[in-house]
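Visitor: In case you want the letters, here they are:
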Amino acid sequence: MSLFEVEHLTRVYATGRRRVLALDDVSLTVERGQRLGIVGESGSGKSTLIRLMASLDKPTSGTVRFDGRVVSGVPERDLGFLRASVQLVLQDPRSSLNPRMRVGSIVAEPLRSPLIRRERRQVDQRARVREVLDAVGLPADSADRYPHEFSGGQRQRIAIARALAPSPEVLIADEAVSALDVSVRAQVLNLLMGLVDDLGLTLLFVSHDLAVVRHVCPDAVVMQAGRIVESGPTQRLFSAPEHPYTARLVAAIPAFRSRS
Amino acid sequence: MKRAELWVGLALVTAVVAMALVSFVWTPFDATAVGSGPRLQSPGLPHVLGTDHMGIDIFSRILVGARSALYVGIIAVGIAALVGVPLGILAAWLPRWGAEAMMRATDVAYAFPALLLAILLAAVFGASTETAMVAIGIATIPAFIRVTRAGALSVLASDYVLAARAAGTPAPAIAVRHVLPNVAHLIGVQASVSFAMAILAEAALSYLGLGTPPTVPSWGRMLGDAQTYLFGHPTQALWPGLAIAAAVLGFNLVGDGLRDFLDPKLREVA
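These protein sequence lines are chains A and B, in that order. Residue numbering for the first sequence follows this note's numbering, starting at 1 and increasing by one per position. Residue numbering for the second sequence follows this note's numbering, starting at 1 and increasing by one per position.
It should be emphasised that the hints constitute simulated quantities derived from the structure, not laboratory data. Among the clues, some could well be false.
Unchecked claim - Okay, derived cross-link-like pairs now, SDA-like style, lysine to any residue, Cα gap no bigger than 25 Å in a straight line:
| hint | chain 1 | residue 1 | chain 2 | residue 2 |
| --- | --- | --- | --- | --- |
| 1 | A | 58 | B | 113 |
| 2 | A | 58 | B | 90 |
| 3 | A | 58 | B | 28 |
| 4 | A | 58 | A | 12 |
| 5 | A | 58 | B | 93 |
Unchecked claim - Residues on chain A that point at chain B, a partial pick, calculated with CB under 8 Å:
| hint | residue |
| --- | --- |
| 6 | 10 |
| 7 | 47 |
| 8 | 50 |
| 9 | 80 |
| 10 | 85 |
| 11 | 100 |
| 12 | 104 |
| 13 | 116 |
| 14 | 120 |
| 15 | 197 |
From a predicted model like this one, the values you see are computed outputs, not experimental measurements. Even glycine gets a Cβ: it sits at the ideal position worked out from N, Cα and C.
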């Protein structure tokens, strides 16, 4: 049984008289331990898809199953197993960390959730916070400080620590390194991949950057205008793209050739 | 520039608070005893601001009047904030039709004149400081609902609330942990502006005889009493007028200054 089973997922955003088809009949499976890239330009439906998979939004039609259980359109109180197992790292740590909370409280937030506590063995929250801060390479005294005291890369480490706190099985990284300076992007990416390896996590890696996805994910799906237009092993998408949109994405990657 | 406004505002507010506190332990003369001095004295000694039509020392009455002003402001703003802030957060959470219904109801309440409400309450429950405070408080609720909802909407759309939801944080905890601290600066600004309006409203109600009873010193009532003698003794109206203006200006300046000072984004740039 696949870990995630997404069937005919459609999401229409209706604002006043305008209707936007953000996700158009998308089906997808994710296996346990898989690292799947979700590629496409902004507005292609990547974020909508992962929000629905994490049941942070309700689909217009279609279903999402996690571990064999339907999670789409289910009341929040019945989603403890999903909240404990699926965690998010969002794009911009400047907006994904509450500026008025200390890092310790931010990272402990999933541990304080009554939904997650029902699923997970009780842990000493302070010890667990220290543990995950250490795992992402932040000093222990970070817990008493505020997000604005950290650099962009460090803030994203805080967001990663928060995601790891409840010992999830799945990490959804939504453009998790795109907002970072190029100089720290590789560091954070390596950290993320190291943790995924060590902890045996399933990874959904959302990015508009095919080059990064090629580094990180053996498999990928390519999205355009709310649809999955192509999917398969990342190497094959690179070497022999079948869909013209994939070909365009591949061609758009800047190539640096050494002069010889 | 903005920082200077905040300091001037704080100085005025501190002065009003100090007057109220001092009046508890000391006033130059009894602020309520009729005939403690000659009537309608001009400023001089021993009555620095003169005496009113009943021979009461005006400076003493101004000091004690600060109490009424602050009392009314605190209770009225307290009522408005305690009711308005939770309703504002709720309105941000409701589905579109629910929020729409609530905000239209708020608009109707907003359009209802505070003065009319005060007259209504005074007619039913009798004119008193308490009736005036409650009336002003109720009339100020819509302002708090609007401000809180606007702030809460932007917080609820933020990534950190999304992350909190993914972390299984229940709605009440999101409201307390994320929404409240991040709209507190807006509420603080609204509170100080509303405080100024409450003081003005209390003065107006007392002037009309719908607020503080005659025995209790109040700036608004002093102004009303002074009106009779406006041509013969114009300074009678000057002092309570100045006191009201200073308090209102002070709280408004504090509100303006706080808006800039408390906004973390503006501060980060500075």
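Visitor: Does each hint hold? Answer for all of them.
Guide: Here is how each hint holds up against the structure:
1. Restraint check for residue 58/A and residue 113/B: not satisfied, since their Cα atoms lie roughly 42 Å apart, outside the 25 Å limit.
2. At roughly 21 Å between alpha-carbon atoms, residue 58/A and residue 90/B fall within 25 Å of each other, so this suggested pair holds.
3. For the given pair, residue 58/A sits about 70 Å from residue 28/B by alpha-carbon distance, which is inconsistent with the 25 Å threshold.
4. As the CA atoms of residue 58/A and residue 12/A are separated by approximately 10 Å, the hinted pair is consistent with the 25 Å bound.
5. Only pairs whose Cα atoms come within 25 Å are accepted, and residue 58/A paired with residue 93/B is accepted, the gap being roughly 16 Å.
6. Taking 8 Å as the C-beta contact cut-off toward chain B, the hint placing residue 10/A at the interface is violated, the least distance being around 20 Å.
7. Among the interface hints, the one on residue 47/A is violated; its C-beta lies about 10 Å from the nearest C-beta in chain B, farther than the 8 Å criterion.
8. The interface hint given for residue 50/A is broken, as the beta carbon of that residue sits about 10 Å from the closest beta carbon of chain B, more than 8 Å.
9. Among the interface hints, the one on residue 80/A holds; its C-beta lies about 7 Å from the nearest C-beta in chain B, closer than the 8 Å criterion.
10. The beta carbon of residue 85/A comes no nearer than 11 Å to any beta carbon in chain B, farther than 8 Å, and the hint placing it at the interface is violated.
11. With 8 Å as the threshold, the beta carbon of residue 100/A comes within range of chain B, its nearest partner Cβ sitting at about 4 Å, so the hint holds.
12. Interface hint status for residue 104/A: violated, as the beta-carbon distance to the closest one in chain B is roughly 13 Å, over 8 Å.
13. Annotation: interface hint on residue 116/A holds; nearest CB of chain B at approximately 5 Å, less than 8 Å.
14. Checking residue 120/A against chain B by beta carbon gives a least distance of about 10 Å; that is not within 8 Å, so the hint is violated.
15. Because the closest C-beta pair between residue 197/A and chain B is about 23 Å apart, greater than 8 Å, the hint is violated.
Consistency with the previously given hints fails for numbers 1, 3, 6, 7, 8, 10, 12, 14, 15, ordered from lowest to highest.
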